[in-house]
Amino acid sequence: MITKDSVIKQLLTTLILAFSLSLSNYAIACGLLPGYKLSKGVSWGELCDFNEGLASAQKDGKYGFIDKQANIIVPFSYNFTAELSEGLAIVKKNEHHGYINKKNQVIIPIIYDDVRPFSEGKAAVEYEGKWGVINDTGELTIPYQFDEIRYFSEGLAPVRKDELWGYIDSSGKTVVPLNYLNADSFHNGLAVVAKENGYGMINKDNKIIVPTEYDMPIFIDNYYIDTFKFLKGNNFYYFDSNGDRLAVSSYLDTMPEVILDRQR
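Residue 3 is where the sequence shown starts when you use this note's numbering, and the numbers rise one by one after that.
It should be emphasised that the hints constitute simulated quantities derived from the structure, not laboratory data. By construction, the Cβ of each residue, glycine as well, lies at the ideal position given by its N, Cα and C atoms. Please note that a few of the clues may not be correct.
Beta-carbon label-pair distances, calculated as ranges [claimed, not checked]: (1) D138 to S251: 40 to 50 Å; (2) D164 to T143: 21 to 31 Å; (3) R247 to L35: 41 to 51 Å; (4) S252 to H189: 38 to 48 Å; (5) S252 to E88: 41 to 51 Å.
Using the sequences plus the hints, can you model the full thing?
Structure below.
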């Protein structure tokens with residue numbers, strides 16, 4: 003009998019297999035130039051991925067950054083490092099987070115409980131249990147008042163207070179009311195949101211483009227470009243950017259490239 007759980011299990015199995023195959027040729031998959039190998043004892047960080055020419059790596063439980071020639075650019079001296087974004091990388095020392103540049107200079111002090119990557123010149127940071135927003139000099143531009151903030155995209159960021167999500171602009175003004183159970187960042191004017199009955203999509207005017215009734219969105223290579231895919235029961239439902247349904251297919255007929263959750 004085909005069940006929702008069996009569908010999800012099949013999808014996850016496919017993803018794990020694809021990931022394992024990619025690791026078998028990491029020099030190509032991870033962006034190292036041909037002929038270069040990781041030094042003895044060095045392994046990839048949380049993600050096998052280069053951003054702005056550097057990738058997070060680790061050795062003996064400490065994190066730093068390497069370049070595409072496998073040179074160590076930032077020494078392995080942090081408890082955690084995350085990808086570069088807009089010239090700044092997230093680092094963790096002891097229990098606090100901050101940001102460094104490619105020269106391993108601390109640009110924003112390592113004082114935060116948690117942080118997000120920079121986007122559009124801003125980053126969400128958590129301090130003493132509440133989230134606010136800083137600019138690239140570390141100045142607090144939106145006060146610590148939210149329970150969670152994701153990254154800015156197209157001028158808006160998903161925010162949460164208590165159990166409900168909405169969106170703020172770069173000044174901190176609420177532009178989409180906090181009445182969703184989950185919310186993703188905007189891309190090409192559309193964002194995935196969730197309500198009690200399931201996932202759907204809205205535009206920046208908070209108009210429902212795809213009804214919030216699907217089990218999960220499926221993120222594919224051209225997601226947020228022309229065709230959007232959602233899973234409901236044992237079927238995939240395809241929509242265009244106007245919310246018009248294009249097609250319905252069984253999971254047996256087609257497999258998605260990437261599954262939710264893409265959240266930070």
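Against the structure, the hints come out as follows:
1. D138 to S251: 40 to 50 Å: 44 Å Cβ-Cβ, so the 40 to 50 Å window holds.
2. D164 to T143: 21 to 31 Å: Roughly 23 Å apart at Cβ, these two residues keep to the hinted range, so it holds.
3. R247 to L35: 41 to 51 Å: Roughly 45 Å apart at Cβ, these two residues keep to the hinted range, so it holds.
4. S252 to H189: 38 to 48 Å: Once the Cβ atoms are compared, 27 Å apart, the range 38 to 48 Å for H189 and S252 is violated.
5. S252 to E88: 41 to 51 Å: With a Cβ separation near 42 Å, S252 and E88 satisfy 41 to 51 Å, so the hint holds.
Violation of the numbered hints given earlier is confined to hint 4; every other hint is satisfied by the structure.
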